[in-house]
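Listed here are the chains, written in short residue letters.
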Amino acid sequence: MLEAKNVVKTFDAFRALDGATMTVPKGAVYGLVGPNGAGKSTIIRHLTGVYRPDSGELLLDGKPVWENPAVKRRMAVIGDDWYYFPQASISEMARFYEGMYPTFSAERYEKMKAVFPLNERQPIRRMSKGMQKQAAFWLTMSCMPEVLVLDEPVDGLDPVMRRQVWSLLLDDVAARGTTVLVSSHNLRELEDVCDHVGIMSKGRILLERTLSELQDNTVKLQVVFPGAVPELPAELKILHHSNVGRVHTYIVRGSSEEILRRMQITNPVLLEAIPLTLEEIFIYEMGGEDYAVRDIVL
Amino acid sequence: MIHLDYRDARPIYEQVKDGLRRLMVTGVLQSGDRLPSVRQLATELTVNPNTIARAYSELESEGFVCTVGGKGTFVADGQSQNDGRKRELTERLRPVVQELRELGMTQEEWMSLWEGGEGHA
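If you read the protein sequences in the order shown, they are chains A and B. First residue of the first sequence? That's 1 in the numbering used here, and the numbers climb one at a time after it. First residue of the second sequence? That's 1001 in the numbering used here, and the numbers climb one at a time after it.
No wet-lab data here; the hints were simulated from the structure. One or more of the hints may lead you astray.
Stretch by stretch, here's where chain A covers chain B in the computed footprint (C-beta under 8 Å, at least three residues) [what the hints assert, rightly or not]: (1) 1009-1016; (2) 1047-1059; (3) 1103-1115.
Quick reminder that beta carbons are idealized off the backbone N, C-alpha and C, glycines included.
Sequences and hints are given; from them, build the entire structure.
Given below as structure tokens:
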């Protein structure tokens, strides 16, 4: 279990983290999402022991991460700025990783050769951005970490390689119970692979749920009423309402059967419950935080 | 084997369920056949193993598959599959019946629909 407890970090006068608290349970694939500048990379750098918090705690299974090699050797990281030695090739970096991670598996390293179309003797600095990402995955996955922390991991990978990489990761999750923390802006992709989601905004975790909780507990209703908009049942927790002509769209918290049953009282002409996508959940939750697409015409 | 449509609004686990059910109904998967393991299917479809596990456990409670501890998940025999399917279709029919009744459909009209007729006067 990877935890951040009430972490505060300021850079000069800017509070990058403002009491961030999150929990990544063991074996979870946790997707961290949030607008640009919300503090995703900053919290990741704290959880991996790169930054030291001003206050608060960062723990892996109850043990502090900061300057703790025993904890750090259990987790592997691919940051948005993956580090490699300036002249090193993949095979040379593999030797470095082998020295750092007691769990490094040479057998797995050899196996994954078939997956990545890379020349392991070529200096990494001469590879393209996407190829460097592949190299990072190859080496990191070879370490067989218990916890894998990925910041924008598939950024720069082509569609085939994205799937390939996710498939390898999920196989690891199913087989070994690897815990994965991943930040991304590709919500469509996260929806497939994650089972936990944390939404971050302005240095805090706004909401943290399992994906099935999120999807089962929020429903988008499309309703057409026979006449004027009637009084809606008071028990409904309506998060958002908009309408285009006579079609009213409500975002309601609760299970869809329950909501549909209650809405029958209003005798709607049309009543439809549509499950929300992660993207919609994100937009509605962030809308409450005053972060939404503005209608500006240039 | 199963096709996930990324523009489909239904949650992934339901798409997986529907996909497997279709395979069983069309006879691609026959009773007694072993389903791919959670791990296999998760890797193949690139979705979270828990999503697959959820689809499997719901299919099991609906009577489509049964899990043998340590051996895997198997397609259930035809009878319990049909029972599950019947239950599900009945649930889906309920709101339609309700609406037809509100529209003033009589029992005779209903019976004529049942016997393959027009269903309305």
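Structure-based check of each hint:
A stretch counts as covered by a chain when three or more of its residues have a beta carbon under 8 Å from one of that chain; for the stretch 1009-1016 of chain B and chain A the count is 5, and the coverage holds. Chain A is given as covering the stretch 1047-1059 of chain B, and this holds because 6 residues of the stretch bring a CB closer than 8 Å to a CB of that chain, at least three being needed. With a cut-off of 8 Å between beta carbons, the stretch 1103-1115 of chain B has 0 residues touching chain A; three or more are needed, and the interface restraint is violated.
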